[in-house]
Amino acid sequence: MGRLADDAARLGVTLNADQEAQFARLAAALVEWNAHTNLTAITDPEGVHVRHFLDSLTVPVRPDDRLIDVGTGAGFPGLPLAIAHPSVRVTLLEATGKKIAFLEHVIGLLGLTNAVTLHARAEDAGQHPAYRAAYDLAVARAVARMPVLLEYLLPLARVGGRCIAMKGVTASEEAESARRALRTLGGRLIGIDSVSLPGV
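Heads up: the sequence shown is residues 5 to 204, going by the working numbering.
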């Protein structure tokens, strides 16, 4: 078992050797594509390990969830979740064509049958009948301030579904500023969870 599997286990996520190999191929593809396509500022091995892979694996998913990753960028948290949880069906929503090209390349490279891309703006996807209220879990990382982010996420989640906004140290402050938007959109705050990443 490698370091990623060890650290993932500390987060309650089990990875087998094949999944570890998929993560290694994802890391290599990220560095290769980032040389000519602006995907992410984080490409050093430690940064990819902690801030992309482990951070993504902190998202609590349920078996057979339909998950949409809004503004996925280079595929985080959606790609690691698709690798680690094969029963979860992941839609990677991204507005930038070059990033969609990378995501489609990686899906093919890794043989992920549970991940698809959606080339659209979040505000448009939430109004489209095929995507509105279609997901068990809508998640976003570093996309927008909370009131705006809620307008992106909540329309995509089904009634009784969940939304997760991955935020940093300002999470509590942002949640407070978004209370009105949350009520207007028919959502409610379940909680603010603090996570600690192995090795950080």
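None of these hints come from the bench; they were simulated from the model. Careful: at least some of the hints might be erroneous.
Pairwise CB distance ranges, derived in the manner of DEER restraints [stated by the list, open to error]: (1) V120 with G164: 36 to 46 Å; (2) P133 with P49: 38 to 48 Å; (3) A124 with E178: 37 to 47 Å; (4) R29 with R187: 23 to 33 Å; (5) P49 with G101: 42 to 52 Å; (6) R192 with P133: 37 to 47 Å; (7) I194 with A32: 34 to 44 Å; (8) A148 with G190: 17 to 27 Å; (9) P202 with V173: 17 to 27 Å.
The calculated lysine to any residue pairs, modelled on SDA-like cross-linking and capped at a C-alpha distance of 25 Å, are [said to hold, decoys possible]: (10) K102 with L116; (11) K102 with S176; (12) K102 with N38; (13) K102 with L122; (14) K102 with G190; (15) K102 with D128; (16) K171 with G115; (17) K102 with Y135; (18) K171 with G190; (19) K171 with L113; (20) K171 with D22; (21) K171 with G6.
All C-beta atoms, glycine included, are put in the ideal place defined by N, C-alpha and C.
Status of the hints after comparison with the structure:
no.	hint	result
1	V120 with G164: 36 to 46 Å	23 Å, violated
2	P133 with P49: 38 to 48 Å	43 Å, holds
3	A124 with E178: 37 to 47 Å	25 Å, violated
4	R29 with R187: 23 to 33 Å	44 Å, violated
5	P49 with G101: 42 to 52 Å	28 Å, violated
6	R192 with P133: 37 to 47 Å	25 Å, violated
7	I194 with A32: 34 to 44 Å	37 Å, holds
8	A148 with G190: 17 to 27 Å	19 Å, holds
9	P202 with V173: 17 to 27 Å	19 Å, holds
10	K102 with L116	19 Å, holds
11	K102 with S176	34 Å, violated
12	K102 with N38	11 Å, holds
13	K102 with L122	13 Å, holds
14	K102 with G190	34 Å, violated
15	K102 with D128	19 Å, holds
16	K171 with G115	30 Å, violated
17	K102 with Y135	22 Å, holds
18	K171 with G190	21 Å, holds
19	K171 with L113	30 Å, violated
20	K171 with D22	30 Å, violated
21	K171 with G6	28 Å, violated
Consistency with the previously given hints fails for numbers 1, 3, 4, 5, 6, 11, 14, 16, 19, 20 and 21, ordered from lowest to highest.
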